[in-house]
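K.L.:
Each chain, written out:
2 protein chains.
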Amino acid sequence: MKLLEERIRRDGVVKAGGVLKVDSFLNHQMDVELFNEMGKEFKRLFADKNINKILTIEASGIGIACIAAQHFGVPVVFAKKAQSINIDGEVYSTKIQSFTHGKVYDVIVSKKYITPEDRILIIDDFLANGCALEGLIDLVRSAGAAVEGIGICIEKGFQPGGELIRQKGVRLESLAIVDDMNAETGEIKFRQQ
Amino acid sequence: MKLLEERIRRDGVVKAGGVLKVDSFLNHQMDVELFNEMGKEFKRLFADKNINKILTIEASGIGIACIAAQHFGVPVVFAKKAQSINIDGEVYSTKIQSFTHGKVYDVIVSKKYITPEDRILIIDDFLANGCALEGLIDLVRSAGAAVEGIGICIEKGFQPGGELIRQKGVRLESLAIVDDMNAETGEIKFRQQ
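Those protein sequence lines, which keep their order, are chains A and B.
Each step along the first sequence adds one to the number in my numbering, with nothing skipped, and position 61 is 61.
Each step along the second sequence adds one to the number in my numbering, with nothing skipped, and position 136 is 136.
Treat the hints loosely; a few may be bogus.
The list treats identical chains as interchangeable, and a pair is accepted whether it falls inside one copy or across any two copies.
Pairs of lysine-lysine, DSSO-like flavour, derived with a Cα cap of 30 Å [stated by the list, open to error]:
hint: 1; residue 1: K189; residue 2: K81
hint: 2; residue 1: K112; residue 2: K2
hint: 3; residue 1: K21; residue 2: K81
hint: 4; residue 1: K189; residue 2: K2
hint: 5; residue 1: K81; residue 2: K111
hint: 6; residue 1: K112; residue 2: K49
hint: 7; residue 1: K2; residue 2: K95
hint: 8; residue 1: K189; residue 2: K40
hint: 9; residue 1: K112; residue 2: K15
hint: 10; residue 1: K81; residue 2: K112
hint: 11; residue 1: K112; residue 2: K189
hint: 12; residue 1: K81; residue 2: K95
hint: 13; residue 1: K15; residue 2: K111
Just so you know, the hints here were simulated from the structure itself, not pulled from any lab data.
Throw the hints in and build the complete structure from the sequences for me.
P.N.:
Structure below.
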């Protein structure tokens, strides 16, 4: 998606260690006009899928998931990182390894909000190692629901998550795929799509 | 706001200990059509304010903040619950007591995204004891920015947060104020507004 690639080039900051900072428009400050364009694009990409629910994970996936959901006319469910969560009754749970925070945490979703009838689009802001996505796929499948597709804003093509997910046979669409970046020059190379 | 009150009456569940469960449409599963109506109402209520940014706190405030932001044409910033957060440079931070999770946590926002020029609308899904809001007001004022108002989806009028915030002279608009509720009968009494 050209608009997103241009924005990443303009406002993204490449740091050592494969870190791409996009917190000025994507995951701390959020440009909702850009989100709206991304939501439209997700709808275009998944127009052939009969999606009835969007699933994301707290916290930074929630904004884009909600704006995208307006284009699909469906509700959003967000998976919660568990502590003593104020959720009724039974939940599906899975474990996710966070590279950012360097630990494993439990992620849960209420059984009330994913059912075997659901045809789910998973949306998240970033895909790197794919651990969060694997956890979300696991939650959906625990419920007997179908993962119709996965929509990602920015995929780090030089990390293994994208290939891992595509190998599972899940339809994955990333609006921008960064194949290479250079912390010294700030240069970012996007995959042709 | 009638639409929200009706929805709370229909789908909200009153539990013992002053707990109101609205996770079927507000803070686990999210009805983005309802969010859009709430966003419009926030815009109507704060039409006289020259707001240039919306501030919320992860996680359940993010969805309504983003949808509301579309009606204001402004970006959203969400304050993060701190661990080893992947944020550049300096941050404003404050401490917030969580009654739900029974602990105190640090909440931060990057200094880049709140500046003295900002005229901020704070949006959150719930107001009970007001601790989260006090923390967010503290963050805004640390930055020398102005809190133009606070928009809340559901205020628990029988807890002290609303009065506490109004006593500070901050303009607070809650779309629904629950003045009383009964866990045995499920009855919910809303404040006339």
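K.L.:
Hints first: check each against the structure and report whether it holds.
P.N.:
Hints, one by one, checked against the model:
1. K189 to K81: neither (33 Å within a copy, 32 Å between copies)
2. K112 to K2: between (38 Å within a copy, 26 Å between copies)
3. K21 to K81: both (23 Å within a copy, 18 Å between copies)
4. K189 to K2: within (13 Å within a copy, 51 Å between copies)
5. K81 to K111: Answer is both: 15 Å inside a copy and 26 Å across each meet the 30 Å cutoff.
6. K112 to K49: within (23 Å within a copy, 40 Å between copies)
7. K2 to K95: For K2 and K95, the Cα distance exceeds 30 Å both inside one copy (34 Å) and across copies (40 Å).
8. K189 to K40: For K189 and K40, only the intra-copy Cα distance (24 Å) is at most 30 Å; the inter-copy one is 40 Å.
9. K112 to K15: between (41 Å within a copy, 17 Å between copies)
10. K81 to K112: Both ways: K81 and K112 sit 17 Å apart in one copy and 27 Å across, limit 30 Å.
11. K112 to K189: Between copies only: 26 Å across chains, 42 Å inside a chain, cut-off 30 Å.
12. K81 to K95: Classified as both; 9 Å inside a copy, 20 Å across copies.
13. K15 to K111: between (40 Å within a copy, 19 Å between copies)
Hints 1 and 7, counting from the list given before, are not met by this structure.
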